[in-house]
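Trainee: Mind the numbering: the sequence shown is residues -26 to -1, 1 to 318 in mature numbering (1 follows the signal peptide of the UniProt record, and there is no 0), read in order.
Read the hints as simulated data drawn from the structure, not as lab findings. Keep in mind that the hints are not guaranteed to be accurate.
As the list claims (entries may be wrong) - When the alpha-carbon atoms are kept at most 27 Å apart in a straight line, the in silico BS3-like pairs for lysine-lysine are as follows: (1) Lys286 x Lys265; (2) Lys286 x Lys137; (3) Lys265 x Lys255; (4) Lys278 x Lys137; (5) Lys262 x Lys278; (6) Lys28 x Lys141; (7) Lys215 x Lys163; (8) Lys293 x Lys141; (9) Lys258 x Lys285; (10) Lys266 x Lys200; (11) Lys163 x Lys266; (12) Lys163 x Lys137.
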Amino acid sequence: MKIRKVFLQGIAICLVWMTMLTHSLAATEPPAVWRFGLEEIEGSVQDIYAQAFKKKVEDKSQGEVAVDIYSYGMLGESEDLTALTAIGTLQLTHASMGIIGAQVPEMQVFTIPYLFSADDELNQRVLSSNPTLYEILGNALIDQDLRLMTIYLEGDMVWSTNKLIRKPRDFNQFKMRVMNSSLVIETFKLFGAQALPLPYSQVYGSLQARIIEGQSNPIFSIEEMKFYEVTEYLIWSGQQKFTTSVLANQAWYLTLSSAHKRILSETIEELSPYIFEQQTKLNKAQLKTIKKSKPSMTMVTLTKREKAAFKKASDPIRKQYIENAGEAGKRLLEALEADFNNVK
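Construct all of the structure, not just a fragment, from the sequences and the given hints.
Mentor: Right under this line is the structure:
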């Protein structure tokens, strides 16, 4: 823990000096710098979002604000980005709901299997505008010195495996890499798998070395990280959507001028439909790339009956979420279920 704290402090000092040097050379009166951290590499959904955010903010502010983007790996893992934002080194970051759930249990609601509807347009509307969602998660994050700006979808979580999985018992003793989220780990244990939380950067090598036999991510991620090269099956189970948030440092947000707050809120609102369209296009395009690059890849979509078996196996997760997140978490879950069930 002490080593990690020193590491984060070192990053903070380096970023301050780099920013001062870069922008002092670029202008006599340097712009305000908004540093934005990403959990993904260049060309990813989060990068597409951040690049559009950068352009809009810099255009709207007429040069008063410069947005610096830090892609995955530049500043550590996902947990590091959230920590750096909480202490104000980064002003903004993406934060996957499952990972930040270790700090804010209410955030893990989106890791509950089969929560979402089959209509992604509805899902995105709920994520961008449900008042209970922003009230409960917003209040919980403020206690962590963070401010919830928005939540959006990045696509279906697809299993890429070296074995055909169609029913829970197929996971028996199967080594599955999962994100470091307590509910995700428990979900795959209920399926019968050995759930192994490994850093994103270690997944390819672990698949190649057969340390793990499968993993779960959106299609764009499976393509850009080349996970399909070292697995044989892509399985659409319907279990989960990959959901991310954009968080800001709370103290930084409160110091923004009214004009800069308006630019920030307008940009976030404008990007909601844009990123939904872009992630849909990217996932479709990357699936075509996988099919072209590896024609032998077997694509499987589970039937309703098969999905029902996994849903039944994971039923205890709902109760566990409520135990972890308390009454506020229960109220949030019920509000989301009511909205998502409109078209189920």
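Trainee: All hints are to be evaluated individually against the structure, with a verdict given for each.
Mentor: Hint check:
1. As the CA atoms of Lys286 and Lys265 are separated by approximately 32 Å, the hinted pair breaks the 27 Å bound.
2. This hinted pair checks out: Lys286 and Lys137 have alpha carbons roughly 22 Å apart, not beyond 27 Å.
3. Distance restraint check for Lys265 and Lys255: the Cα-Cα separation of roughly 16 Å lies within the 27 Å cut-off, and the hinted pair is therefore satisfied.
4. Of the pairs offered as hints, the one joining Lys278 and Lys137 holds, with about 20 Å between alpha carbons and a cut-off of 27 Å not exceeded.
5. At roughly 25 Å between alpha-carbon atoms, Lys262 and Lys278 fall within 27 Å of each other, so this suggested pair holds.
6. Pair hint Lys28 plus Lys141 does not hold up; C-alpha atoms about 44 Å apart against a cutoff of 27 Å.
7. Among the hinted pairs, Lys215 with Lys163 is consistent with the structure: their alpha-carbon atoms are about 19 Å apart, no more than 27 Å.
8. Between Lys293 and Lys141 the alpha-carbon distance is near 22 Å, which keeps this suggested pair within the 27 Å criterion.
9. The hinted pair formed by Lys258 and Lys285 meets the criterion: a straight-line CA distance of about 26 Å does not exceed 27 Å.
10. Under the criterion of a C-alpha separation no larger than 27 Å, the hint pairing Lys266 with Lys200 is consistent with the structure, at around 13 Å.
11. For the suggested pair Lys163 and Lys266, the alpha carbons sit about 34 Å apart, so the restraint of at most 27 Å is broken.
12. Only pairs whose Cα atoms come within 27 Å are accepted, and Lys163 paired with Lys137 is accepted, the gap being roughly 17 Å.
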